[in-house]
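The lines below spell out each chain.
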Amino acid sequence: MRKLVRHLAAMAAIVLAGGLLSATLVRLAPGFGTDEQQLDARLSPESVEALRQARARARDIPGFYLHYLGRSLRGDLGESRTLNRPVRQLLAERLPVTARLVGTGLLAGWLCAVLLAVGSTMARKPACDLFATLLAGLSLSVPAAVLALLFVFANAPACLALALVVFPRVFSYTRNLLAKSYGLPHLVTAYAKGVGPLRILVWHVLPVAGTQLLAVAGISVSIALGAAIPVEALCGIPGIGQLAWQAALGRDLPLLVNLTVLVTVITLAANWGAELAGQDLGTREA
Amino acid sequence: MKRMRQFAWLFLALVLLASLGAGFWAPADYAMQFRETPNSAPSRVHLLGTDELGRDRFSRVLYGTRVSLLMAPAAALLATFLAALVGGVAGYLGGWWERAAMAVTDLFLSMPWLFLLLAVRAMLPLNVSPITSIAVTFLLLGLLGWAAAARVLCAGARDLRDSDFVLQARACGLRGPRLLAIHVIPNLKPVLAAQFWISIPVFIISEANLGILGLGVAEPLPSWGSLLRELESFASFGFEACKLVPLVLLVLVVSSFQIIIARDEVYA
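Same order as they appear, the protein sequences are chains A and B.
Residue numbers for the first sequence follow the working numbering, so the first one is 1 and each next one is one higher.
Residue numbers for the second sequence follow the working numbering, so the first one is 1 and each next one is one higher.
One or more hints might be untrue.
[What the hints assert, rightly or not] Derived Cβ-Cβ restraints for the label pairs, each shown as a range:
no. : chain 1 : residue 1 : chain 2 : residue 2 : range
1   : A       : L95       : B       : A155      : 27 to 37 Å
2   : A       : Q279      : B       : L53       : 56 to 66 Å
3   : A       : L206      : B       : G21       : 51 to 61 Å
4   : A       : L111      : B       : K2        : 26 to 36 Å
5   : A       : A10       : B       : F11       : 39 to 49 Å
[Said to hold, decoys possible] Some chain B residues close to chain A (C-beta under 8 Å, calculated; not the full set):
no. : residue
6   : L107
7   : W113
8   : F115
9   : L116
10  : R121
11  : I205
12  : N209
13  : L213
14  : L215
15  : L228
16  : L231
17  : L247
Simulated from the structure, these hints should not be mistaken for lab results.
Just so it is clear, CB atoms sit at the ideal spot from N, CA and C, and this is done for glycine as well.
Bound conformation, chain A alone (with noise of 0.2 Å):
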């Protein structure tokens, strides 16, 4: 418990933290302090004078992130400067669209990985370990964004792009974890004593690399989030992947801050997520 809370406390001073540095660059962004109703002529030079004290109080950093906290602390996250909506409409409406691209990519990714992985280092021969290697070291060389544009003149579903984003991480890394389980000598008298290969692999394989294996999950997830930028980009996929690239195009930097910041806890949830879920694997088998 005592442990949860810390995790808690930490994730919320990184994103206290990660807040003040968007709010600074929201802050320190051309363009900020001026508002085009300014040059209204049918304002009175009053109501001139007041929307810029209004931009004038919000000059001072601290006290600009107080107020933007505050406000995001009722659910008001501001309002998109480029598409003229409230920020927290686009994040509902988009959100899920990315949570579904994101998570069916990290599945097939996961699938495919953790099943060349197990079948190479199964089958014991240098040319299964020399295919797997290739294609994962092939799909790590490809950029993110070639992949997106190549699947959609293939036709072919976003998230398997993404899919192969995620793969060569964790094959790589699951691939090594498993060979090193392997070499263990309970497992090595295992096989002497004629257990078989599916049973070692679920009895004594599984559950040693299963806590390692959950660390990768939480980076991946972070992985896969780097990644629907370009693919839901590219791919016209309405996410928020694809709300961030427009935000960066047209310079909304309080969306893009507030997606950044969306970004961090989620990752953070995740990456905390994976590391307690470990932790509690750990427990169980000690």
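We have chain A; now place chain B onto it with these hints.
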């Protein structure tokens, strides 16, 4: 594996040499337009054909390779230097320094790389000159890409700080910069080198991703990222093999780096 590593080095050396001599080999300047032959097929005059603006694709690939192959190591050098400064010094000093530095590192690591790059890139002007856009893109990669390396370097410096020979050197009266210069930095060199080599392919791929999204090196200067944007036309103009040349080159170069890195991974 040794033979493959030798091939990888040889290939990288050849590509680097070809790109450095772009002014000599390239049949035209990267920005020169042959307006009467846009989108032309490969010929004797244009080995890889021309792009939609009539620019010689072979020349652009040569110049683009030069940009990516020279700037990615420069960004990697900057990232490694920052990582050594933050991680190495924090690990060596320990205590609050280490905790504070690692908290900042965690903050950077918890933000997905591309989201952070987009946020900071959007803060900077988009309508900059091509040369400035190269500097901005690779400077950003170097300034934001130090966090993972800092963690590794911090662990390495911590191990050195607690090692017997450093303890003995301290007991002999060696302190401060002298201890760092004689015992710590030379022993951190393999870790620094590994981090430097690991960063190069990461930065090459990141620049390519940014370039395809229109946030990398500005036109008319070519880089692998901007050259790969031509793949977008596959959907409307159909498949053309010569447009794949930058991709093939990028994959081969990144794979060569991966093969070279495989030896250094023990330090990473």
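Okay, the hints, checked on the actual structure:
{"no.": "1", "hint": "A/L95 <-> B/A155: 27 to 37 Å", "result": "holds, 36 Å"}
{"no.": "2", "hint": "A/Q279 <-> B/L53: 56 to 66 Å", "result": "holds, 57 Å"}
{"no.": "3", "hint": "A/L206 <-> B/G21: 51 to 61 Å", "result": "holds, 53 Å"}
{"no.": "4", "hint": "A/L111 <-> B/K2: 26 to 36 Å", "result": "holds, 35 Å"}
{"no.": "5", "hint": "A/A10 <-> B/F11: 39 to 49 Å", "result": "holds, 45 Å"}
{"no.": "6", "hint": "L107", "result": "holds, 5 Å"}
{"no.": "7", "hint": "W113", "result": "holds, 5 Å"}
{"no.": "8", "hint": "F115", "result": "holds, 5 Å"}
{"no.": "9", "hint": "L116", "result": "holds, 7 Å"}
{"no.": "10", "hint": "R121", "result": "holds, 6 Å"}
{"no.": "11", "hint": "I205", "result": "holds, 5 Å"}
{"no.": "12", "hint": "N209", "result": "holds, 5 Å"}
{"no.": "13", "hint": "L213", "result": "holds, 6 Å"}
{"no.": "14", "hint": "L215", "result": "holds, 6 Å"}
{"no.": "15", "hint": "L228", "result": "holds, 6 Å"}
{"no.": "16", "hint": "L231", "result": "holds, 5 Å"}
{"no.": "17", "hint": "L247", "result": "holds, 6 Å"}
Against the hints set out earlier in the document, no violation occurs for any number.
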